[in-house]
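K.L.:
One-letter residues, chain by chain:
Protein chains: 2
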Amino acid sequence: MKVSDRRDFLKSTLMATAGLSVLPVALSAMDTATDASASKLKSNAISDKSVILFQGDSITDAGRNKKSNESNNPGALGSGYAFLAAANLLNTFASKNLEIYNKGISGNKVYQIAERWQADCIDLKPTVLSILIGVNDFWHKHSGNYKGTAEIYENDYRALLKRTKEQLPQVKLVICEPFAVLGCRAVDATWFPEFDQYRAASKKLAKEFGAIFVPFQEVFDDACKIAPPKHWTPDGVHPSIAGAQLMADAWMKFVFGK
Amino acid sequence: MKVSDRRDFLKSTLMATAGLSVLPVALSAMDTATDASASKLKSNAISDKSVILFQGDSITDAGRNKKSNESNNPGALGSGYAFLAAANLLNTFASKNLEIYNKGISGNKVYQIAERWQADCIDLKPTVLSILIGVNDFWHKHSGNYKGTAEIYENDYRALLKRTKEQLPQVKLVICEPFAVLGCRAVDATWFPEFDQYRAASKKLAKEFGAIFVPFQEVFDDACKIAPPKHWTPDGVHPSIAGAQLMADAWMKFVFGK
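Chains A and B, in that order, give the protein sequences. Position 101 of the first sequence, counted from 1, bears residue number 101 in the numbering used here, the numbering being contiguous throughout. Adding 258 to a residue's 1-based position in the second sequence gives its number in the numbering used here.
Next comes chain A alone, as it looks inside the complex:
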């Protein structure tokens, strides 16, 4: 089933089974522009040999083989949303000779991706740079293993983005919203409302830097109206395969409007 067909299928199924007369939020979310986002990329923003880089923490990492520096290598892309988005991109832009990298590292907070930014970002000269970072900045503080605050996250992230734009003035930035799904193994009510400050900071920075914003919290919240939260993310932080596909679809939708 093609993904947009799936959306139609889900839409018609939901409407048929629940007697809904309005578009379910889970589906409409992907069609709604957010006030923070920059314009979506046009297909012609992707030229021959464009480099697409996914950066982040364990959600991006997804068990990738860190010994490989090859682009478009299945092991090096892990088994999460970055791999699924890469598979779609390499098929969609088949004639473009894209070079796709995943440099997510499990456990990373924003200051830790900053420490490895030269080698793992700047040197790769990405055409499109997608960043998903923040859940550990909150989670490690919440569990007492880190002293950073939402303000530190925002300031560290701003410095990283400033440095990136200075060194890669042409880069097309994609800022992905950190998300957490209540009612799953690792996420309880004590996460909120503090966690929301990290989400808000990422959205604020997307606007500040003219980045495309991918509102993953809304994407997961809406999906949880279709199937239970644990179907999408067993622990509330790390996506299942279904959750990874959900993220890859949303990424493609918000970045390319497709």
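For the record, the hints were derived by calculation from the structure and aren't laboratory data. Only true hints are included.
Simulated crosslink set (DSS-like; lysine-lysine; CA at most 25 Å straight-line): (1) A:K49 - B:K488; (2) A:K96 - B:K488; (3) A:K225 - B:K300; (4) B:K324 - A:K66.
Predicted model, so just to flag it, every value in this text is computed and none were measured.
Got chain A sorted already, so can you dock chain B onto it with the hints?
P.N.:
Just chain B now, kept in the frame of chain A:
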């Protein structure tokens, strides 16, 4: 970009760039019923906890973790078309609690999957069983390491399917066509026309057993009009990530008509 949007995108791009006034074959192939195929599955063929099993050789295996017997496990599904189809299925049928397995083993010929059929197929009681086998039956003979012929492949395969239908009378069978792409590292003109006999046998058996047939040869041949063969399969046998996505899309299209 959603996959069906991608098709529209490719379609309009190709038409715009090449001045084509007809639908490119690469795209129309997926919309064409083959005379060998059974009816596509209706969405309601998938009930709660349906088991979907992918069986085959290295193309299905795709580096899966063979120590895991878990369903829906990213490592256990490998990084090929089975994983990509699983991600789509688990998202598309989010509320169905599907259990998806990949039991492909690298290097297998049809008699070798037959040897492990009880544990790796019958015992799993699949609702949908998808088989892709045959390229090694030809390739190992062609390289002088195996004495089987296309006739032996067909007869061994028929015996396996008969046994399967006897033990799992309700199973929905999907037979995937073995394929080989000329002009890549491992595939030269000496493969043809003999290799075509294996393709024809798989199609004949799909008809005999009322199975859905997935015409991968046509899918790859058509894709090679969009990007060079090595983009889809560097050696002509094993798909790249783009080729794996192409296969997963075709599988969803031919099996569910989506």
